[in-house]
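Asks: Read off the chains here:
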Amino acid sequence: MSAWEDAGARLAAGTATLLSLWGEPARAHVALLDGAEIVHLALDCADGTFPSLGRVHPPALRLERAARDLYGLAPVGLPDARPWLDHGETPTAYPFLPVEGERLHQIPVGPVHAGIIEPGHFRFTCDGETVVRLEERLGYVHRGVEALMRGADILSAARLAGRISGDSTVAYAYGFAQAVERALGLSPPPRAVWLRALMAELERLANHLGDVGAICNDASFGLMQAHCAILRERVLRASAVAFSHRLMMDCVVPGGTACDLSAIGADALRALIAELHRRFPPLVTLYDATASLQDRTVGTGVVRPDLARRFAAGGYVGRASGRDFDARRTPGYAPYDALALTVPVLSEGDVNARVWVRIREIEASLALVDGILARLPPGPVRAEPPPGTGEGMALVEGFRGDIFVWLRVADGCIAHCHVRDPSWFQWPLLEAAIEGNIVADFPLCNKSFNCSYAGHDL
Amino acid sequence: MRRTLLQGLLHRPLTEAAPRAEETAAVELAHALNTAAQRKLGRSLSIREIDAGSCNGCELEIHALNNAFYDLERFGLRFVASPRHADVLLVTGPVTQNMREALERTVRATPDPKWVVAVGACARDGGVFARSPACLGGVASVMPVDLVIHGCPPTPIDLLRGLLTLFAPGAAGRAQSS
Numbered sequence: 001m002s003a004w005e006d007a008g009a010r011l012a013a014g015t016a017t018l019l020s021l022w023g024e025p026a027r028a029h030v031a032l033l034d035g036a037e038i039v040h041l042a043l044d045c046a047d048g049t050f051p052s053l054g055r056v057h058p059p060a061l062r063l064e065r066a067a068r069d070l071y072g073l074a075p076v077g078l079p080d081a082r083p084w085l086d087h088g089e090t091p092t093a094y095p096f097l098p099v100e101g102e103r104l105h106q107i108p109v110g111p112v113h114a115g116i117i118e119p120g121h122f123r124f125t126c127d128g129e130t131v132v133r134l135e136e137r138l139g140y141v142h143r144g145v146e147a148l149m150r151g152a153d154i155l156s157a158a159r160l161a162g163r164i165s166g167d168s169t170v171a172y173a174y175g176f177a178q179a180v181e182r183a184l185g186l187s188p189p190p191r192a193v194w195l196r197a198l199m200a201e202l203e204r205l206a207n208h209l210g211d212v213g214a215i216c217n218d219a220s221f222g223l224m225q226a227h228c229a230i231l232r233e234r235v236l237r238a239s240a241v242a243f244s245h246r247l248m249m250d251c252v253v254p255g256g257t258a259c260d261l262s263a264i265g266a267d268a269l270r271a272l273i274a275e276l277h278r279r280f281p282p283l284v285t286l287y288d289a290t291a292s293l294q295d296r297t298v299g300t301g302v303v304r305p306d307l308a309r310r311f312a313a314g315g316y317v318g319r320a321s322g323r324d325f326d327a328r329r330t331p332g333y334a335p336y337d338a339l340a341l342t343v344p345v346l347s348e349g350d351v352n353a354r355v356w357v358r359i360r361e362i363e364a365s366l367a368l369v370d371g372i373l374a375r376l377p378p379g380p381v382r383a384e385p386p387p388g389t390g391e392g393m394a395l396v397e398g399f400r401g402d403i404f405v406w407l408r409v410a411d412g413c414i415a416h417c418h419v420r421d422p423s424w425f426q427w428p429l430l431e432a433a434i435e436g437n438i439v440a441d442f443p444l445c446n447k448s449f450n451c452s453y454a455g456h457d458l
Numbered sequence: 001m002r003r004t005l006l007q008g009l010l011h012r013p014l015t016e017a018a019p020r021a022e023e024t025a026a027v028e029l030a031h032a033l034n035t036a037a038q039r040k041l042g043r044s045l046s047i048r049e050i051d052a053g054s055c056n057g058c059e060l061e062i063h064a065l066n067n068a069f070y071d072l073e074r075f076g077l078r079f080v081a082s083p084r085h086a087d088v089l090l091v092t093g094p095v096t097q098n099m100r101e102a103l104e105r106t107v108r109a110t111p112d113p114k115w116v117v118a119v120g121a122c123a124r125d126g127g128v129f130a131r132s133p134a135c136l137g138g139v140a141s142v143m144p145v146d147l148v149i150h151g152c153p154p155t156p157i158d159l160l161r162g163l164l165t166l167f168a169p170g171a172a173g174r175a176q177s178s
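Protein sequences appear in the order of chains A and B.
Using this note's numbering, the first residue of the first sequence is number 1, and each one after it goes up by one.
Using this note's numbering, the first residue of the second sequence is number 1, and each one after it goes up by one.
For reference, chain A alone in the conformation it holds in the complex:
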């Protein structure tokens, strides 16, 4: 058995975790997590074919469909031969899976949705109010990120990486920078290592605060949304004072960070933490004590723990369904090894569990920001990337889950770069979570996942 097929067997048996599967011209790649170690396999496919791993391990299906769309590679034995990211000339001609049965009706939703959200199509098949099956069709925001990366100089590519999914701009820039640094054997200065983690935690805080409010809003509890939106805005304003950009775009760069934290910035962050410590606990009590809200979130949109494990669902989606995984801990990276990191895990797998994991992560991030500010080492924040050639990988924990980056640098330019958003393994679980729920609960379930369309569509 070849190493490639052996990888498939191990994934199917559950003894290794799929991190990503991707292509480049005439070559297929797979990355696995084996214990705490990332294993990367590349398979030359001169004839343009490779043995499908999706055949034995369904989480690889969409990744293989994407590799075929982007690089013309043919996964042999792929059970789903439909295109994925490439919508072709007639996008409306996509063959959805057939659904048969009496009394069933379908509701097509999107790509343009009713709210201020990203585009994607959802095809609901329902029996009365109950969803029998949801099929997603994504790819509407495919911008050709990997193609644009090829040949780009390192700084332009870093800017691009920061615009793969705007809500995770720090996490993407962080992962990209780590991968470049490993490819070139570059160590960023200690202060930059700590500043990056600081930015990543601020990003996590902003997103979790916004989403806890938005989830409650989708259960028609606008009060929570109003208060959480204020706290989110406070985080963004403090971030702008500290790092000159509300979302901290382009602040993490290969070799370190683009800006340093001034005393004024550090004070703004300390004031922010104090404010959040004061304002957030009453909101947690409000969530916990509002029976009409709990009525909507408890038992809704359940992700079974075995599915979360099989799909290696990252972030709060996995952790609310018993998957005790956090890239900051495994494989782990500095400075988190020197910080007290709490990773909340629940097993119920419903909307309520995902809300609670996020609440606990907000509390954990507040402690981390506190710890980082107290121990921030002095010194420079940036080292110039040396010219060189090499390959590098990184796995970083964004607010949504683990982001995987693999790239090859050649003479100061990106020869190839692949990034895998956590959403790749969460979107399929949303299809499973909504089954048997009522249509009206879909926005609630969807928001509790808050998968990225842009990060997935590339």
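Hints listed in this document are in silico derivations from the structure and should not be mistaken for laboratory results.
We put the CB at the ideal spot given by N, CA and C, even for glycine.
Keep in mind that a hint or two might mislead.
On the chain B side, residues computed to face chain A include the following (Cβ under 10 Å) [what the hints assert, rightly or not]:
#1 5
#2 8
#3 9
#4 10
#5 52
#6 82
#7 103
#8 105
#9 113
#10 127
#11 132
#12 156
Based on these hints, arrange chain B on the given structure of chain A.
Replies: Okay, now just chain B, sitting in the frame of chain A:
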């Protein structure tokens, strides 16, 4: 819950003062705005947001317009769920090939008179995605644009300034109808 509501009554509002529409370094009028449309629609506009390939950074800041600090509705501006209810189309992203048809259909579903506002560096000219074959490169490559709001992403204040330009007096010119 009662305590939270009560405290809300006792606090001073967090809402920022309205920015002046003339301070528009972050804004670019692609065409003079149609005064006939301005007269017809008055100072109450319904906005339909369309993501045509954005990284979702612009969406985050557009969302922020609804928070207590920016409180968009005090200006008579509100987001609506359907293009059929909209006067303004707020378009983000470099317009991907895969979103082209959906964008065009949404615009066709919006009754005249209407204004098209391109939000952010990508919607303006494709931004960092400008040379991608998967993108068309900015909203203007698909349809006439009335107003461009700069920024990557524009801050909520940039967005407010831009949107208030729609009410600016004396901007006479071309009508936009499809």
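Asks: With 10 Å as the cut and Cβ atoms as the points, is residue 10 of chain B at the interface with chain A?
Replies: Nearest chain A Cβ about 14 Å off; hint violated.
Asks: With chain A as the partner, please determine if residue 52 of chain B meets the hint condition of a C-beta pair closer than 10 Å.
Replies: 8 Å, holds
Asks: Please check whether residue 5 of chain B passes as an interface residue: C-beta within 10 Å of a C-beta belonging to chain A.
Replies: At about 7 Å, which falls below the 10 Å cut-off, the nearest Cβ of chain A leaves the hint on residue 5 of chain B intact, so it holds.
Asks: Residue 103 of chain B was flagged as interface toward chain A. Is the shortest Cβ-Cβ separation under 10 Å?
Replies: 8 Å, holds
Asks: Interface hint check: residue 9 of chain B, Cβ to nearest Cβ on chain A, cutoff 10 Å. Holds or violated?
Replies: Violated, because the Cβ-Cβ distance from residue 9 of chain B to chain A comes to roughly 13 Å (cut-off 10 Å).
Asks: Hint check: is the beta carbon of residue 156 of chain B less than 10 Å from a beta carbon of chain A?
Replies: 8 Å, holds
Asks: Taking 10 Å as the limit, does the beta-carbon of residue 113 of chain B come near enough to a beta-carbon in chain A?
Replies: 21 Å, violated
Asks: Does residue 105 of chain B pass the interface check with chain A, least Cβ-Cβ distance below 10 Å?
Replies: 8 Å, holds
Asks: Less than 10 Å between beta-carbons is the criterion; does residue 8 of chain B satisfy it with respect to chain A?
Replies: Since chain A brings a Cβ to about 8 Å from residue 8 of chain B, closer than 10 Å, the hint holds.
Asks: Quick check on residue 82 of chain B please, does its C-beta sit within 10 Å of some C-beta on chain A?
Replies: Hint holds; residue 82 of chain B Cβ to chain A Cβ min 7 Å, cut 10 Å.
Asks: Let's test the interface hint: is any C-beta of chain A closer than 10 Å to that of residue 132 of chain B?
Replies: 4 Å, holds
Asks: Against chain A, with CB atoms and a cut of 10 Å, does the hint on residue 127 of chain B hold up?
Replies: At about 8 Å, which falls below the 10 Å cut-off, the nearest Cβ of chain A leaves the hint on residue 127 of chain B intact, so it holds.
Hint compliance for this structure: hints 3, 4 and 9 are broken, all remaining hints hold.
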